[in-house]
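The listed protein sequences correspond, in order, to chains A and B.
To convert, note that position 24 of the first sequence is 127 in the numbering used here; the numbers rise steadily by one, no gaps.
To convert, note that position 122 of the second sequence is 843 in the numbering used here; the numbers rise steadily by one, no gaps.
No lab work stands behind these hints, which were simulated from the structure alone.
Take these hints with a grain of salt, some might be off.
[Unchecked claim] Footprint (simulated), chain A over chain B, 3 or more residues, beta carbon under 8 Å:
1) 728 to 742
2) 865 to 873
3) 929 to 935
4) 943 to 952
We treat Cβ as the ideally placed atom computed from N, Cα and C, and that holds for glycine.
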Amino acid sequence: MTTSPVTLPLLTRLAMTSRLFAIQGVWTYETMLGNGIAFAMEPALRRLPGGPLGEPYRAAMVRHSGYFNAHPYLAAVAVGALARAELDGVPAAQIERFRVAAPGPLGSVGDRLIWAGWLPLCSSLGLLAFGLGMSPAGVVLVFLGVYNAGHIALRLWALDAGWRDGLRVAQALGNPVLRQGPAHVARATALVAGIALPVAAQGIIGPGRALLGGVLAAVAVGAVVVTALHGKYEGWRLAIFALAAFVLFSVVR
Amino acid sequence: MNVFAVDLLQLLPLAVLGAVMGLDVVSFPQAMISRPIVAATAAGALIGEADRGLAIGVALEFFALESLPFGASRYPEWGSAAVVGGALFAMTPDNAPAAMTIASLAALITASIGGNSMIWMRRFLARVAQTRQATLAEGSGRAVVGLQLAGMTADLLRGFVLTLAALTIFSPLRTLVLATSTFPGTFSRAVVVSVASAVGLAAVWKVVRMTAGARWWLLGGLGIGFVIAGGLG
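The task is simple: from the sequences and hints, build the whole structure.
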């Protein structure tokens, strides 16, 4: 644990937290979310000697607006750790080494936990809520409520862990939720999505349930085709052609 | 009747909604209000048909399961697209022929163009950043904040223009298709559900197949789902 007396006032922490939600406000292929890292750290950097007009502030802004790529939620770990390092007066070379090493783990853990886990799980919960007959407001609340409970908690934890541990934050990434969480979430996603798909599908078909046999056969064949073409063609792009063909046929027949 | 007449006053609030949903995809706040299940429902609610917005939102959500926003990969922009799909479907009377198919098709095409528009915007923002390189290199906090605000403003405008353009183009096309199509609305829904469910099932399989035992959880879930669906039907 770092023993630095540096503290982060509540207002500064709130400013950083709110800016984290806009961390990808300007995303380019050259710097990825680099500018966003500097943007989110900026309230803390104002506390460097000399304030926003001082040389330490300017040097830090230049350092942190360069290339940086990570999962947007877990980038908060880097924001907290780098802000702590700057205010602790850690040498620039050490900070640069962290900036080079951190993006890989922060990207891969975030992708597996959120994009491949939490988001499909919450999406499936929303689909299931619809299939079970919940009202539009209820479905939206279930999806947004559950998703953002995890999303906001992760951002807050990440900023806090980064600030608490500084450049030694790698140990925070060993947290069981981040290490074993993705596998558990993937299994939960498989179960909930499995339940949700047929239930939601019959909910959309509505009065056309007489066609359900044909629909199920089409889904089975279609899913095999899309899976077989994985890596070559995306299913949603194939769907454009399938639906366009249907519309054309329905008009000209 | 002139099918190509478009009521801009009706489309403007939808374009604003599309802008907000488009902004959420990447720039701010990534709270997933841009997911079709939310964005299409909101578009339907704006028209007074939240149920119909939700129905097509669920179908589009199946498609969206396939394209998750991994890193710097290219993916469709579902926020504005779902507003377009939700609005077009909500504007159509129940059981209108081919209604869900044409609305889904419009949403998918908009999502594809929207994905490309994000790439164009990123290149544009890189040029904007280059013009401010001197002040950024001096460590100006104002330049960093200004660039961030410029990026979000550009993204908001991108979503607005995309949604407005898509609705302006697809609204009359929808009217034309509905006037000439002979397939019943139920058949149209069945076609969309077939295609969307196939893509959604393949997408879930793609996500979970790398996890030990997950395929059995998926099969078990499907079994439970069919039992529940049978009971509800």
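For each hint, the structure was consulted:
no. : hint       : in the structure
1   : 728 to 742 : violated (count 0)
2   : 865 to 873 : holds (count 8)
3   : 929 to 935 : holds (count 6)
4   : 943 to 952 : holds (count 7)
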